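Asks: Chains A and B supply the protein sequences, listed in that same order.
Our numbering puts the first residue of the first sequence at 10, with every later residue one more than the last.
Our numbering puts the first residue of the second sequence at 10, with every later residue one more than the last.
Derived from the structure by calculation, the hints contain no laboratory data.
Computed from a predicted model, the values in this text were never measured in an experiment.
Hints are not guaranteed to be accurate.
Repeated chains share a single entry, so a pair holds when one copy, or any two copies, can fit it.
What the hints assert, rightly or not - Derived pair list, reagent style SDA-like, types lysine to any residue, alpha-carbon separation capped at 20 Å:
hint, residue 1, residue 2
1, K191, A291
2, K295, V180
3, K330, S74
4, K46, K280
5, K303, A210
6, K300, Q69
7, K331, G160
8, K331, E161
9, K39, G182
10, K303, N187
11, K280, G149
12, K39, T212
13, K294, I14
14, K330, D56
15, K46, M169
16, K13, V116
17, K221, G21
Residues per chain, in single letters:
Protein chains: 2
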Amino acid sequence: MTEKILVGIDIGGTTVKQAFIDMGGNIITKWEIPTDKSDSGKNIVPDIVKSVQEKLEESQIHKSSVLSIGVGAPGFIDVENGMIFEAVNLGWKNFGLKKQMEELMGVPTFVDNDANLASVGEMWKGAGNGATNLVCVTLGTGVGGGVIAGGEIIHGQNGMAGEIGHIASVVEGGAPCNCGKKGCLETVASATGIARLGLEAVTQSPEGLLKKKLDERESISARDVLDAAKAGDDIGISVVDTFAHHLGLALANLSNTLNPETIVIGGGVSKAGTFLVDKLEAEFKKYAIPKIAKETAIRIATLGNDAGVIGAAWLGKTSLKKMENEVQ
Amino acid sequence: MTEKILVGIDIGGTTVKQAFIDMGGNIITKWEIPTDKSDSGKNIVPDIVKSVQEKLEESQIHKSSVLSIGVGAPGFIDVENGMIFEAVNLGWKNFGLKKQMEELMGVPTFVDNDANLASVGEMWKGAGNGATNLVCVTLGTGVGGGVIAGGEIIHGQNGMAGEIGHIASVVEGGAPCNCGKKGCLETVASATGIARLGLEAVTQSPEGLLKKKLDERESISARDVLDAAKAGDDIGISVVDTFAHHLGLALANLSNTLNPETIVIGGGVSKAGTFLVDKLEAEFKKYAIPKIAKETAIRIATLGNDAGVIGAAWLGKTSLKKMENEVQ
């Protein structure tokens with residue numbers, strides 16, 4: 010018998026990331042294709058199937074070696090049936106992703122939210138380091154998240170669990186958020202939020218490194234703010250302190266309720282590394298129950314863009330196993 | 010074959026509540042015995058076993074009809090092994106509760122935290138109404154809680170999950186909490202917290218119904234504050250508004266992360282009923298993601314003191330079933 014492999018797929022608005030992954034979670038080969046969003050995204054799945062089949066042939070792997078396919082997609086998902094309720098930036102609405110994939114590939118397919126699968130990827134092979142109680146936060150353009158408890162992804166009643174970015178952080182006078190509320194964590198802890206806070210701060214006190222950046226480019230990025238803070242710039246530091254306060258408080262309160270072993274911080278902002286984690290940990294420890302403050306590890310994500318496909322492979326592997334157990 | 014029954018036990022600092030419960034979760038008979046805390050609590054389990062055996066005889070139920078025993082206990086618990094790490098008010102430390110109960114009764118026994126089992130009780134037969142994604146909050150002397158996701162109790166890494174009372178609520182200048190922090194939810198949302206807020210408010214503005222109460226009794230209870238608020242007293246209303254703001258915000262943020270179907274509010278304070286729920290819902294809706302604000306139900310617990318034994322019976326029933334599935 011040939012060794013089985015897992016297929017992991019991570020569908021994004023620009024590209025679809027794909028990988029063949031061994032049963033231990035190691036990437037055998039990975040590649041990506043552009044996401045064809047034309048015609049309400051009806052070419053996306055056929056494109057994926059064609060590409061997977063070509064890559065199997067190229068790698069001289071027989072289709073019968075593929076144990077399962079895991080797919081991460083953005084938006085609201087009925088994970089039970091592998092249905093996408095709505096993925097605005099792909100054009101999908103009530104789309105039977107699992108069904109179409111299984112029809113075209115003939116391999117058991119399982120679907121979950123992309124942020125959840127990135128969390129699971131970090132649990133399996135990344136910064137989670139096997140921890141089965143995990144909170145993952147992705148600090149990118151927005152703030153996303155995933156919660157894993159007892160090794161299981163927490164979906165909640167309507168698949169909306171993990172929306173850490175919409176925790177109410179600035180209770181009075183917060184900035185408007187895309188969700189319709191004001192003062193969400195996303196408005197102060199995303200790259201966009203940090204850049205906005207930086208611009209506000211330097212407009213109020215036009216001095217230091219950020220003033221220089223602003224004069225050069227007429228804009229301020231999150232990177233500018235983080236770099237300035239690292240270089241000891243007062244305005245940069247005050248913005249990072251605000252960021253760390255709100256994120257540290259939110260994560261402490263989540264940990265007081267969920268008692269994770271590890272909190273994994275990913276996304277572009279996390280590239281600021283230990284500088285950020287140190288600030289964050291100090292705020293976290295102020296608000297977490299003493300025992301939890303002591304025992305919860307805060308770590309930077311290690312898998313980068315591979316987290317999604319690795320998590321998708323995990324989903325395929327474990328869901329199939331569960332299904333087989335239920336049939337017995 | 011006689012119908013099987015479940016034994017549910019809820020060990021508290023003053024009494025041990027016990028019940029025989031049918032497979033559908035209905036109480037057949039219930040009774041309680043005093044908790045003998047002498048000699049580091051070494052008589053507690055033998056007392057329970059004696060009492061259960063007497064009640065079986067009295068009810069003419071043969072011991073072989075007892076399917077399983079579920080036990081709720083306070084403190085930190087290793088649920089896997091049914092070990093109590095520490096239950097200060099029972100005198101137990103590293104106590105093998107499951108082991109002793111199984112040795113004395115010869116019936117499979119399962120142990121969990123009492124607050125978790127009360128939550129499960131409400132899920133099975135109470136206000137949870139079968140919802141498998143549930144957050145329960147108990148507003149008593151302190152604030153306790155339980156989180157259920159996908160029908161499973163969330164324990165976290167060290168069994169500390171569900172410590173909702175220690176969410177940081179008053180971020181600046183909060184009152185000291187038993188846990189060593191300041192401004193925990195418990196300091197503003199427990200009966201003790203409401204009474205303290207009431208006393209502070211009426212000391213600052215000595216007028217209205219609460220001033221009258223204070224003159225009569227030289228103290229203010231949570232009940233006084235809630236009654237005054239219901240009667241339209243301004244100071245009472247301002248305290249209830251503070252309470253509702255902090256609890257509503259905390260529950261909204263939990264719901265933004267966990268997406269429960271139902272939030273169940275129990276404990277003495279919850280007896281204020283719809284008056285309280287209305288205020289709480291208004292604050293909850295301010296801070297929850299719009300879809301979650303719309304779809305999450307907030308309900309008052311319905312089982313009262315029976316929640317613990319019913320939840321314990323559920324634990325015994327479902328844990329045994331899981332064990333059998335694993336053996337197969």
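Asks: Decide, hint by hint, whether the structure agrees.
Replies: Results for each hint:
1. Within a single copy, K191 and A291 get their C-alpha atoms only as close as 26 Å, which misses the 20 Å cut-off; across copies the closest is 16 Å, which meets it.
2. Taking identical chains as interchangeable, the C-alpha atoms of K295 and V180 lie at most 20 Å apart whether they share a chain (19 Å) or sit on different chains (10 Å).
3. Proximity of K330 and S74 under a CA criterion of 20 Å is satisfied intra-copy only: 16 Å inside one chain copy versus 34 Å between copies.
4. With identical chains, the CA atoms of K46 and K280 are never at most 20 Å apart, being 30 Å at best within one copy and 54 Å at best between copies.
5. In the homo-oligomer, the alpha carbons of K303 and A210 never lie at most 20 Å apart, since the shortest distance is 33 Å inside one protomer and 36 Å across protomers.
6. Within a single copy, K300 and Q69 get their C-alpha atoms no closer than 53 Å, and across copies no closer than 48 Å, so neither meets the 20 Å cut-off.
7. When the C-alpha separation of K331 and G160 is checked against a cutoff of 20 Å, the pair qualifies both within a copy, at 13 Å, and between copies, at 16 Å.
8. Within a single copy, K331 and E161 get their C-alpha atoms as close as 12 Å, and across copies as close as 16 Å, so both meet the 20 Å cut-off.
9. In this assembly of identical chains, K39 and G182 lie within 20 Å of each other by CA distance neither inside one copy nor across copies; the values are 45 Å within and 53 Å between.
10. Only between protomers do K303 and N187 lie at most 20 Å apart by alpha-carbon distance; the minimum there is 17 Å, versus 35 Å within a single protomer.
11. Taking the shortest alpha-carbon separations for K280 and G149, only the intra-copy value of 10 Å comes in at or below 20 Å, while the best inter-copy value is 44 Å.
12. Taking the shortest Cα distances, K39 and T212 never come within 20 Å of each other, neither inside one copy (45 Å) nor across copies (68 Å).
13. Taking the closest pair of Cα atoms, K294 and I14 never come within 20 Å of each other, the shortest separation being 42 Å inside a single copy and 46 Å across copies.
14. Taking the closest pair of Cα atoms, K330 and D56 never come within 20 Å of each other, the shortest separation being 28 Å inside a single copy and 44 Å across copies.
15. Proximity of K46 to M169 under the C-alpha cut-off of 20 Å is found in neither arrangement, the shortest distances being 24 Å within a copy and 45 Å between copies.
16. Proximity of K13 to V116 under the C-alpha cut-off of 20 Å is restricted to the intra-copy arrangement: shortest distance 12 Å within a copy versus 43 Å between copies.
17. For the identical chains of this complex, K221 and G21 are neighbours neither inside a copy (36 Å) nor across copies (64 Å), given an alpha-carbon limit of 20 Å.
The structure shown violates the earlier hints numbered 4, 5, 6, 9, 12, 13, 14, 15, 17.
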